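**Q** Sequences listed follow chains Z and L, in order.
Here the first sequence is numbered in my numbering, starting from 551 and rising by one per residue.
Here the second sequence is numbered in my numbering, starting from 72 and rising by one per residue.
Simulated from the structure, these hints should not be mistaken for lab results.
Computed from a prediction, not measured in an experiment: that's the story for all the values here.
Beta carbons: idealized from backbone N, C-alpha and C, even for Gly.
Careful, some of the hints might be misleading.
Anything over 12 Å on all C-beta distances counts as not near chain Z; from chain L, calculated [to be verified]:
| no. | residue |
| --- | --- |
| 1 | 124 |
| 2 | 167 |
| 3 | 169 |
| 4 | 177 |
| 5 | 180 |
| 6 | 204 |
| 7 | 221 |
| 8 | 224 |
| 9 | 236 |
Here are the simulated DSS-like pairs of lysine-lysine, each with C-alpha atoms no more than 27 Å apart in a straight line [said to hold, decoys possible]:
| no. | chain 1 | residue 1 | chain 2 | residue 2 |
| --- | --- | --- | --- | --- |
| 10 | L | 174 | Z | 695 |
| 11 | L | 251 | L | 193 |
| 12 | Z | 710 | L | 195 |
| 13 | Z | 772 | Z | 570 |
| 14 | Z | 771 | Z | 570 |
| 15 | Z | 710 | L | 174 |
| 16 | L | 174 | L | 191 |
| 17 | L | 195 | L | 134 |
| 18 | L | 95 | L | 193 |
| 19 | L | 193 | Z | 710 |
| 20 | Z | 772 | Z | 796 |
| 21 | L | 251 | Z | 710 |
| 22 | Z | 710 | Z | 774 |
| 23 | L | 195 | L | 251 |
| 24 | Z | 796 | Z | 779 |
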Amino acid sequence: MDNHSHMVTENDVQGMTQTKSLIEYTLHLADTNLILGHRNSEWTGHGPVLEQDIAISNIALDLIGQARNFYQYAATLINQNPDVADFDFNFDRPVTEDDLAYLRDAFDYKNHLLTEQQNGDWAHTILRQFYFSVWQYLFYGQLVKSTDQQLSSIAEKSLKETTYHVRWSSEWVIRLGDGTQESQQRMFEAISNFQNFYGELFEPAPYENDLLQESISVDVKKLKADWDKKVNEIFEEATLPFTPAKWSQAGGKTGIHTEHLGFILAEMQFLQRAYPNSIW
Amino acid sequence: MSLPQNDIIHTDPNQSKADETSTKQKVWQILGSVNDPEVPVLSVIDLGIIRDVSIENEGNENKEPQIAVTITPTYSGCPAMDVISMQIRLALLQNGFKNIHIKSVLSPAWTTEWMTEAGKNKLKAYGIAPPNPQQSVCSIQPFQAQEAIQCPRCNSYHTEMISQFGSTACKALYRCLDCKEPFDYFKCH
Chain Z
551 MDNHSHMVTE NDVQGMTQTK SLIEYTLHLA DTNLILGHRN SEWTGHGPVL EQDIAISNIA
611 LDLIGQARNF YQYAATLINQ NPDVADFDFN FDRPVTEDDL AYLRDAFDYK NHLLTEQQNG
671 DWAHTILRQF YFSVWQYLFY GQLVKSTDQQ LSSIAEKSLK ETTYHVRWSS EWVIRLGDGT
731 QESQQRMFEA ISNFQNFYGE LFEPAPYEND LLQESISVDV KKLKADWDKK VNEIFEEATL
791 PFTPAKWSQA GGKTGIHTEH LGFILAEMQF LQRAYPNSIW
Chain L
72 MSLPQNDIIH TDPNQSKADE TSTKQKVWQI LGSVNDPEVP VLSVIDLGII RDVSIENEGN
132 ENKEPQIAVT ITPTYSGCPA MDVISMQIRL ALLQNGFKNI HIKSVLSPAW TTEWMTEAGK
192 NKLKAYGIAP PNPQQSVCSI QPFQAQEAIQ CPRCNSYHTE MISQFGSTAC KALYRCLDCK
252 EPFDYFKCH
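With the hints as extra help, turn the sequences into a complete structure.
**A** Take a look at the structure:
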């Protein structure tokens, strides 16, 4: 019996693992932008003043736009490698960006836990954005150097938008921290509530580690020192204390989420689930 | 960017080359009539989002010319991009081109430096302050001193920023401290 022609070589397996990791990594980046974008969009029409309602909605738009670029790339990779991706959409058509956003369940989502936390008051929303944007700014600054051309291009494009997000959220952290007793108290509460959620930003997932050797992914552990420095600098100006977290929640990047994600997806995906393929 | 007026007209005896130039010029001309749906005084050329136009099968009587237009988004989430892409296709179809490919590229990332001078003048006449040349303002530092933005109505530089996020992703909100009118600023990017 000659099975040689069907034998999967070690190189093939390695290549498939690599592609699978790249799909997962791209989805992780798409999901984290989409979920924070969705959270921010919940403020639309509810912002504290009109200009800031517009600002947070603009940031939501940027994040969802970045998510689309990642989802489109993930869809291309999945369609090119149908045997690698572990989705069973069972379509007789190519997978689209919308399928990936609207038809994956909570355990498929790979966003950071920080991004799915509830909006709370303005202080919570600001601090979540600030923690995330400082990380994302440093992250894109490295992803630009990725050996994957498309990830690098998306990073180059997104970095310019994230620059505005860092500045805007920094200014608000300072304004609230160094504002009134009430605003400062609310920042204290936000800091306390998110204390165990920012650590995950610097914890690599297995698919990220797989891509490190070929310089496709970013070594997020190495971003921590610069992140600490920037957060300290802004907190100091905001007269807020920065105490490093002793431990951190993690799991979002591999599909283990807090209870909040299910509620977000229930709202976001309702229409496509109830009326498949509907457009408007 | 290779604008049609900058193209050297070929005196090449090779006829198909000359045809290509003229078709290309025609496509550029058509693109000049496609406007941004959000800022309708600006054409897609003024905006600087057309990165390339290429023609294949030119001068081949047996084949339709294939038109490839490469565009780049202004902002990742700009909802006008899908509309712009469709309008380009429609404008080319209306002018008899059938084989049309519109490709979107992200790198190099769009910058307001690519906006034409004509575009900047049109913006100002429309009541939107045109982008300043790219300088120090695009950084993460909070509360940095803003460059003076000229009021598009009364030309005063005595203006202040209300919010760096405005009515669309590409604009910031300003007010003039002399004529007291609020205005949009097409922010540097």
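**Q** All hints, please: hold or fail.
**A** Now the hints, each set against the structure:
no., hint, verdict
1, 124, "holds, 21 Å"
2, 167, "holds, 30 Å"
3, 169, "holds, 24 Å"
4, 177, "violated, 4 Å"
5, 180, "violated, 5 Å"
6, 204, "holds, 16 Å"
7, 221, "holds, 21 Å"
8, 224, "holds, 20 Å"
9, 236, "violated, 4 Å"
10, L/174 x Z/695, "holds, 23 Å"
11, L/251 x L/193, "holds, 22 Å"
12, Z/710 x L/195, "holds, 24 Å"
13, Z/772 x Z/570, "holds, 24 Å"
14, Z/771 x Z/570, "holds, 22 Å"
15, Z/710 x L/174, "holds, 22 Å"
16, L/174 x L/191, "holds, 26 Å"
17, L/195 x L/134, "violated, 44 Å"
18, L/95 x L/193, "holds, 25 Å"
19, L/193 x Z/710, "holds, 25 Å"
20, Z/772 x Z/796, "holds, 18 Å"
21, L/251 x Z/710, "violated, 31 Å"
22, Z/710 x Z/774, "holds, 21 Å"
23, L/195 x L/251, "holds, 17 Å"
24, Z/796 x Z/779, "holds, 17 Å"
Checked against the numbered hints given earlier, this structure breaks hints 4, 5, 9, 17 and 21; the rest are met.
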